[in-house]
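What follows is each chain in one-letter form.
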Amino acid sequence: MLERELKRGSTEMLILALVEDRPRHGYEIAKLIEQRSEGVLQFHAASLYPLLYRLEKRGLINGRWVEKAGQRRRRFYKLTAAGQKILAEQRRTWKDFFTALDRVAGINPA
Amino acid sequence: MFDARDEIRRCLAALNLSPEREAEIVEEFAQHVEDRYQETLASGASEAEASQAALAELRESEVMAQDLRRVETRINPDAVVAGSGSRTNLLDSIWQDFRYCLRTLIKNPGFTAAVVLTLALGIGANAALFSVVNGVLLNPLPYPEPEQLVTLHQKKPSFDTGAIPFPNFRDWQKSNRTFAAMALSRPTAFSLTGIGDAERVNGQYVTSDFFSLLGVQPALGRTFVPGEDEFNATPVVLISSDLWQRKFASSRDVIGKGLTLDDKSYTIVGVIPANFDLRINLFRNASVYVPLGQWNNPALRIRSAALALHGIGRLKPGVTLEQAQADMDRVSKNLAETYPETNRDNSAKLLPMKDRMVGFIRPLLWLLFGAVGFVLLIACVNVSNLLLVRSTGRSREFAIRAALGAGQGRLLRQLLTESTLLALIGGALGLAFATWGTQAALGLLPTSLPRASEVKLDTRVFLFTFAVSLMTGILSGLAPALKTSKWRLSETLKEGGRSVSSARHRLQRVLVAVEVAMALVLLIGAGLMLRTLSALWNVDPGFRSDGLLTFGVSMAPTLKTAAPDAIRATLRDLNEKLNTTPGVQAASFTAGALPLLDEDDRFFWITDQPKPSTQSDMHLTLVYTVEPDYLKAMGIPLKQGRFFNQQDNERASPVAVIDEVFARKYFGSSNPLGKRISFDDDRSSEIIGVVGHVKQWSLDSDDKGPVQAQFYEPFRQLPDDTMPQLSTGIGMVVRTDSGTASALDAIRNVTKSHNPQNVIFEVQTMNEVIAGSLARRRFSMILLESFALVALLLASLGLYGVISYMVGQRTHELGIRMALGAQRRSVLGLVITDGMKMALFGVALGLLAALGLTRLLKTMLYGVTSTDPVTFAAVALLLTVVALLACFIPARRATKVDPLVALRYE
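Chains L and U, in that order, give the protein sequences. FYI, our numbering numbers position 98 of the first sequence as 98, with every residue one higher than the one before it. FYI, our numbering numbers position 39 of the second sequence as 39, with every residue one higher than the one before it.
Be aware that a few hints might be false.
[To be verified] Here's a subset of chain U near chain L, in silico, CB distances under 8 Å, partners left out: (1) V33; (2) D67; (3) E72; (4) L885.
Calculated directly from the structure, the hints in this document are not laboratory data. Every residue gets a Cβ at the ideal spot worked out from N, C-alpha and C, and that includes glycine.
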């Protein structure tokens with residue numbers, strides 16, 4: 001099971017986690033990944049948006065154009081119920097994975 | 001202000017998005033890039049630096065375009081047939097399915113081509129072979145009321161289907177109550193002179209009823225009428241359409257014209273139609289057909305002389321074969337009482353004409369049909385696998401349609417519509433392959449397949465192909481369809497449209513293993529045939545075939561009326577001239593039997609023993625009538641005593657040479673030299689030598705031939721009355737130094753200069769004769785071999801496809817393994833092991849199946865058992881190596897996986 005879950009990669013979990021609390025637009029998501037990973041993980045627009053669109057297609061996040069006074073409209077993404085479920089599963093999977101790695105190699109990041 | 005819109009549009013151009021979608025993406029990207037620009041500027045950078053940072057966002061625009069293509073074109077909304085709960089017209093929805101399938105198939109030209117070609121190969125091969133089975137075995141004979149047609153034979157204790165002596169035949173005709181008509185035929189040849197160049201033409205002696213019995217309508221004129229086959233009747237002749245065209249330019253006033261055959265004038269009364277093609281007993285299509293009564297052969301009046309006369313008959317309407325057989329048994333019994341000396345043990349034997357014509361080839365054709373069925377099954381498995389792989393990629397499409405309310409039955413139907421559509425297109429293409437393939441296959445086998453000219457694509461072949469295509473579509477679509485339609489929506493969505501279901505993989509793996517197994521069975525069959533043929537080529541025929549030439553010589557027609565001594569002298573003169581021709585080592589006339597070509601036998605008894613009262617108590621031996629150089633020409637070894645020399649001529653006392661089998665069988669351990677044998681006509685000869693046995697009947701089953709003992713007599717000691725006949729056609733064997741072609745030119749020149757009216761005909765090298773005797777086997781080998789190769793190709797493609805697909809599915813896993821430090825070699829090993837497990841399972845399965853199935857080949861094999869370990873091992877090895885190769889290519893690709901890329905693509 002573990003192996004299969006691993007295939008889905010880590011990047012989509014990062015995005016799902018960032019839009020969990022409230023809707024965010026693409027630039028904000030990119031900034032947050034960069035800031036919180038202290039610059040280790042970086043996403044350019046060219047790689048970020050295809051991922052966002054894919055997650056949206058799969059129904060895990062939902063994008064909506066929002067206009068705020070005096071600003072240009074932006075597209076905000078928010079987590080769907082299905083996304084919520086997947087995020088929870090992915091967190092568990094990665095946790096299992098790191099626990100396993102830690103048990104073998106002693107690399108627990110915590 | 002930084003505007004990247006144009007740049008973004010350029011990246012998106014190739015995707016062909018809808019204008020609205022493109023505008024959205026451009027807007028979002030542009031916003032992002034501008035945010036970056038403004039922020040960089042705000043942090044105190046120069047405008048140039050800010051522009052650079054903004055552009056960096058688009059740095060990997062190629063990757064972006066690729067990524068977007070995956071996302072944006074994965075589902076094309078207008079192509080989805082939403083499942084509908086309402087009760088729409090069934091035909092409407094099928095038509096909808098059909099159009100949808102057509103659209104999706106056109107959108108995937110690679111996939112469609114692969115499937116259609118695979119099916120076309122499989123279905124085409126089946127259609128081709130079925131058209132042969134249909135034309136040869138299933139279709140009735142092309143004559144009116146064909147079920148009434150039978151062949152007639154004289155049955156002796158030793159031989160079921162013997163020839164019929166003419167006096168017996170006349171009695172059968174007179175005394176039977178169940179036949180509408182009976183007829184005899186006998187092959188012959190004539191020198192045709194007087195129209196253009198003199199030439200040798202094939203002829204058939206027939207009795208009057210021959211053509212009317214069959215129901216053959218002449219193309220022009222009439223066929224023979226009763227009485228024309230009597231001994232004293234006016235000479236008339238029927239000619240073939242071919243001869244009519246060649247010699248008379250198809251002129252309609254040919255009727256009543258004369259035709260000179262062997263210096264005798266015949267009146268042409270009719271033309272046999274071009275589509276007439278009959279091969280029954282010894283009857284073959286000929287250029288001229290002459291009434292039997294014109295045959296100037298005194299033996300026609302002898303009740304014990306069969307003279308290679310074979311019969312056909314037509315039963316009266318309503319008479320069964322059994323009734324006719326009982327009737328003929330009664331007739332034979334009466335004849336046996338009237339003529340006990342010749343007829344005591346003889347009876348009449350009837351066989352349905354079609355069985356007699358095609359019976360011998362029936363098992364072979366069904367066997368090949370079975371083999372080609374295997375090929376189709378393999379093609380089905382391959383297509384099944386392709387569909388499985390494709391359906392995996394489409395799981396989201398199905399999940400969404402199911403979510404929109406499409407029932408499982410509806411999805412199943414759509415998938416089956418798709419596979420059936422593919423199969424029907426494949427079938428149509430296959431039919432085209434078949435048209436071409438059948439002609440090619442028949443070209444390989446012009447003479448040994450009966451009714452070959454009747455093989456064509458008729459309605460039944462079309463129906464068969466259609467039915468097979470439908471079945472193929474359903475068969476190959478069923479497994480993937482059932483799998484796909486059972487998918488659970490939640491699982492599919494959760495897995496992100498790239499499901500890895502182990503159950504599905506298991507099915508795929510089993511299918512591939514089965515495919516490998518079937519290919520192995522076919523390859524083993526083909527391998528056994530190959531070993532059989534090579535064994536047969538290595539069989540010692542008892543003579544040396546290399547450099548050996550055989551042909552017929554027809555002397556100038558004027559010689560026929562010369563005195564027997566003059567004929568003998570002329571023939572001897574030609575033989576001596578040929579013997580001294582440059583390039584010729586030895587030459588000899590042959591009459592009577594010739595190995596693998598002609599047969600002639602004679603009753604005899606050992607002179608020391610009392611003469612048997614009837615023929616059936618006498619022994620039978622093959623008779624070879626030859627010149628002294630025959631032994632040297634043929635390369636037959638002398639075992640004992642001496643062979644003939646120049647002094648063994650018509651004035652010397654009769655001598656004979658026998659073969660080892662004759663010596664062993666009739667003289668046992670005692671010395672045969674000096675013993676005498678006697679013949680029916682009260683001639684007797686002294687045995688002066690023993691030579692090696694030659695394979696007379698065939699290379700593989702000579703010992704099953706009706707007569708084994710072989711007896712040689714000097715050509716020069718033949719009775720005077722046989723000489724005129726011999727001058728019109730006599731065989732010749734010549735051993736040449738080098739290439740037979742150059743020797744042949746010299747031989748032709750010598751023969752022509754001896755007399756310009758001499759004709760050489762039916763030139764064959766003995767190697768060609770041997771090849772001809774193996775033609776049927778070679779035909780089945782070539783067919784089996786091509787089926788096996790197609791099977792091998794399909795199976796390795798199947799293996800390759802499945803492994804490739806699995807490697808694709810495991811890219812991420814392999815990437816992680818390599819990121820965690822796995823060596824390329826171990827990844828290679830991993831993938832290959834995975835594939836070889838399938839292949840080896842298939843090989844094992846195939847070996848088991850082959851052990852059972854090759855038994856069907858038993859009667860066709862020679863010099864090799866049906867479970868030949870060498871063939872089994874070699875084929876298993878071959879298949880394993882091919883499988884290894886099929887696994888290696890995708891495995892190597894797996895090692896090229898870039899861990900970073902693999903991880904990034906989920």
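> Against chain L, with CB atoms and a cut of 8 Å, does the hint on V33/U hold up?
Replying inline: This hint holds: V33/U lies near chain L, its Cβ roughly 6 Å from the closest one there, short of 8 Å.
> Should the hint that E72/U touches chain L count as held when the rule is a Cβ pair under 8 Å?
Replying inline: holds, 7 Å
> Taking the closest Cβ pair, is D67/U under 8 Å from chain L?
Replying inline: holds, 3 Å
> Are L885/U and chain L close enough, Cβ to Cβ, to be under 8 Å, as the hint says?
Replying inline: violated, 28 Å
Against the hints set out earlier in the document, a violation occurs for number 4 only.
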